[in-house]
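Chemist: Okay, here's what each chain looks like letter by letter:
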Amino acid sequence: MLKHRLFLLLMLVLPLPVQAAFTVFACEPEWAALATEIGQSHVKVITATTAQQDPHAIQARPSLIAGLRKADLLICTGAGLETGWLPLLQRRANNPAVQNGQPGYVEVASVVPMLDRPASLDRVHGDVHAQGNPHIQTDPRNFIPAARLLSERLQQLDAENAEAYRNNHAAFDERWRKAIVDWQQRAAPLQGMPVVVQHRSWVYLLHWLGLERVATLEKKPGLPPSSADLSALLAQLQQQPARAILRAAYQNEQAARWLSERSDIPVVELPYTVGGNAESGNLFGLFDDTITRLLTVQP
Amino acid sequence: MNFKMVVLTAVMLAEPVVCLAGEASEIERIKQELETLRQSYQQHIEALETRIEMLENQQAGESPAALVEAPLVEAPAAEPAMVAQDRPNAFNPQIGVVLVGGVSSYSSDRDQGIPGYMTGDEAGPPSEGFSLGESELNMQASIDDKFYGNFTLAVADEDGGTEVELEEAWFQTLALPYGLAVRGGRFFSGIGYRNQFHRHADDFVDRSLPYRVFLDTQYIDDGVQLTWLAPTDQFLEFGAEWLRGEGFPASGAGDNGKGAWTLFARTGNDVGVSHSWQAGLSWLSADANDRSSGDENESDHFTGDIDIAIADLVWKWAPGGNPNQRNFKLETAWFWQNQDGVFTPYDEDGLSYDEDQTGWYVNGIYQFRPQWHIGLRASGLDADSPGSAFDGTSLDTDGHDPRIYSAMVDWSPSEYSRLRLQYDLDESAPKTVDRLYLQYIMSLGAHGAHRY
Chain A
1 MLKHRLFLLL
11 MLVLPLPVQA
21 AFTVFACEPE
31 WAALATEIGQ
41 SHVKVITATT
51 AQQDPHAIQA
61 RPSLIAGLRK
71 ADLLICTGAG
81 LETGWLPLLQ
91 RRANNPAVQN
101 GQPGYVEVAS
111 VVPMLDRPAS
121 LDRVHGDVHA
131 QGNPHIQTDP
141 RNFIPAARLL
151 SERLQQLDAE
161 NAEAYRNNHA
171 AFDERWRKAI
181 VDWQQRAAPL
191 QGMPVVVQHR
201 SWVYLLHWLG
211 LERVATLEKK
221 PGLPPSSADL
231 SALLAQLQQQ
241 PARAILRAAY
251 QNEQAARWLS
261 ERSDIPVVEL
271 PYTVGGNAES
281 GNLFGLFDDT
291 ITRLLTVQP
Chain B
1001 MNFKMVVLTA
1011 VMLAEPVVCL
1021 AGEASEIERI
1031 KQELETLRQS
1041 YQQHIEALET
1051 RIEMLENQQA
1061 GESPAALVEA
1071 PLVEAPAAEP
1081 AMVAQDRPNA
1091 FNPQIGVVLV
1101 GGVSSYSSDR
1111 DQGIPGYMTG
1121 DEAGPPSEGF
1131 SLGESELNMQ
1141 ASIDDKFYGN
1151 FTLAVADEDG
1161 GTEVELEEAW
1171 FQTLALPYGL
1181 AVRGGRFFSG
1191 IGYRNQFHRH
1201 ADDFVDRSLP
1211 YRVFLDTQYI
1221 DDGVQLTWLA
1231 PTDQFLEFGA
1241 EWLRGEGFPA
1251 SGAGDNGKGA
1261 WTLFARTGND
1271 VGVSHSWQAG
1281 LSWLSADAND
1291 RSSGDENESD
1301 HFTGDIDIAI
1311 ADLVWKWAPG
1321 GNPNQRNFKL
1331 ETAWFWQNQD
1341 GVFTPYDEDG
1351 LSYDEDQTGW
1361 YVNGIYQFRP
1371 QWHIGLRASG
1381 LDADSPGSAF
1391 DGTSLDTDGH
1401 DPRIYSAMVD
1411 WSPSEYSRLR
1421 LQYDLDESAP
1431 KTVDRLYLQY
1441 IMSLGAHGAH
1451 RY
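Each protein sequence line maps, in turn, to chains A and B. Everything in the first sequence is counted per our numbering, starting at 1 for the first residue and increasing by one. Everything in the second sequence is counted per our numbering, starting at 1001 for the first residue and increasing by one.
Just so you know, the hints here were simulated from the structure itself, not pulled from any lab data. Misleading hints may appear alongside valid ones.
To list a few chain B residues with every Cβ distance to chain A over 12 Å, as calculated [said to hold, decoys possible]:
1. Asp1121
2. Val1155
3. Gly1257
4. Leu1419
If we take Cβ atoms under 8 Å as the criterion, some of the chain A residues that face chain B in the derived model are [what the hints assert, rightly or not]:
5. Trp85
6. Ala164
7. Asn167
Sample of chain A residues lacking proximity to chain B, with all beta carbon distances greater than 12 Å (derived) [claimed, not checked]:
8. Pro189
9. Ala232
10. Thr292
As the structure is a computational prediction, the values presented were derived from the model and not from experiment. Cβ coordinates follow ideal geometry from the N, Cα and C atoms, glycine included.
Work out the full structure, taking the sequences as your base and the hints as a guide.
Modeler: This is the structure:
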């Protein structure tokens, strides 16, 4: 009896759900920005993380569970980046549309050539990712297959607006390819420039622009450097100088600053993803600004 | 193509022979065949020419497509081939082992129990000295596109023997519509905030007093659970369970093995980007049939109904929503319990018993730098006297309200290992005991995501 009464009460109290548009739940801001480019006004985008947050270390907060419950499509990097929270969200969101293997689950890493695949899997090496380095959004070329995949899935799941998605994608693809050519021309002087990186989150950027990584602050991925590590690094950099220390907004600045003060190598804070700074409000701004900041320390 | 050339040559060679035969109709037929062959060749050659032209155009790199996508092709070459090998165990579930153990020292080794309260086997402090806690073996995986499965064994040493306890064995639906999910098997009941956590995910060595006394640290039972997640912006979840009624505080699988049910609701949200919270209300109603409590050798027994209500709140703070550097968690709960039935003290006659008891705890955990946490906790129990008939029994509180105050610091070199030092000022019995613990929690293999 009590159960029945409670249920009736709940039915009265609950607000009625309003499903306005096709809802996209994006794990990271770059995929939210991509969904906005392809979906425009036909999609409502929920972003799970901001540029100031470490996508490895998000908690499965109640707001995220509620967000995923209403999603028609889930777009994430994959490749183990969200292992600490996404599987739990998927299981607790009670939403069949966004489970692994469904068309509503878009894993970008599945269509992008992965770098840094570890030859051996052992946690002695820190927080390693079996499928390769998941920080794929620092190479704009990876957005080409990502956009294609997202557009296909949007067309499949929201057939009513398929035409719009197809057109938006074609327009984005054209603009994006032109922009890449432009960025590559601007970044030509950076070819071969030696840099220090904080975490191995810049592998794709380095690969794209031909920058040379001479050292990594985090000796083991995901574990903060010890003072002994930093001293060794300082000694190494005196032998083998670098032009810049690259750091993302969400990463701890202490180690980078310590090293910069002692080695006279400037810290370049890159946006890392959409919203990482004031200039990177969308995908185009993200790479415009990244190149601009890198050019300030060009040889 | 080569084959056709041979045929063509053979036909041409054959022609004069045919002519000699002087059969005009035959010549006509062969001429037609030749024409057909010639046409077919022409088509092939044209198609090939078109393809060559296309390929040449692409190589010239006139389109931005060629400029942009060509370098992508290089990338996969760098991968070591071994990762892609097909392994026979590729479909195995993720397997994780958690090793928990430590060493403790107490200012008094006399086990006084918690006078005034019926307690299960797990309610007391860990045994003094070196001891293994529960070593946990967990396996989980998607069963198919409709179900998910989870299996956890807890192995612990008890009274000189090694006991294997089936802690969890459940499946859960993945594909029900309308925000519904069903879980079946043995699972941690959805009541309370802390109840669904594995012990290795706790912030303290021991659980708070109300969890220890009212739920024997954790209410685990067999049955089914239905949850419904409302399609609202604010997280709003409702759940109900129908259970066997075997795990403490239930006992004896009453009502033909359907001796307990629960209801729970939780809600939560973010406040700005740095704060988030979750609040819950839970209800547990259980039958106890001849449930033993207190001293193992001279145990008391209880038969009757138990109702438990829990209200809890968790508040978390992480600057900018990034918990990596610093974060804070406040966790609190209030418990109410009514037990109504017959209490039979050891070696005595049954007494009619009906009493309300309450409990509470509050704790704060602060990560002040990466890898380091400190935490403080207070927990307590309160009960009225059940009456003079209970004087001298284990339900006689003797006017004492149990309290435990704890302080801990832990260090996690990585997310898979943790060392913890904890001090308890234990006033759960009239004589205060100091307890000092050093605990390790080590996680091997796959480690699933932790709950909020």
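Chemist: Does each hint hold? Answer for all of them.
Modeler: The hints, checked one at a time:
1. Asp1121: At roughly 30 Å from the nearest Cβ of chain A, Asp1121 (chain B) sits farther out than 12 Å, so the non-interface label holds.
2. Val1155: holds, 22 Å
3. Gly1257: Since the minimum Cβ distance to chain A is about 20 Å, Gly1257 (chain B) lies beyond 12 Å and the statement holds.
4. Leu1419: Leu1419 (chain B) is indeed farther than 12 Å from all Cβ atoms of chain A, at 16 Å.
5. Trp85: holds, 5 Å
6. Ala164: At about 23 Å, which exceeds the 8 Å cut-off, the nearest Cβ of chain B leaves the hint on Ala164 (chain A) violated.
7. Asn167: violated, 18 Å
8. Pro189: Nearest chain B Cβ is 18 Å from Pro189 (chain A), so the label holds.
9. Ala232: Given that every Cβ of chain B is farther than 12 Å from that of Ala232 (chain A), nearest at about 19 Å, it holds.
10. Thr292: holds, 20 Å
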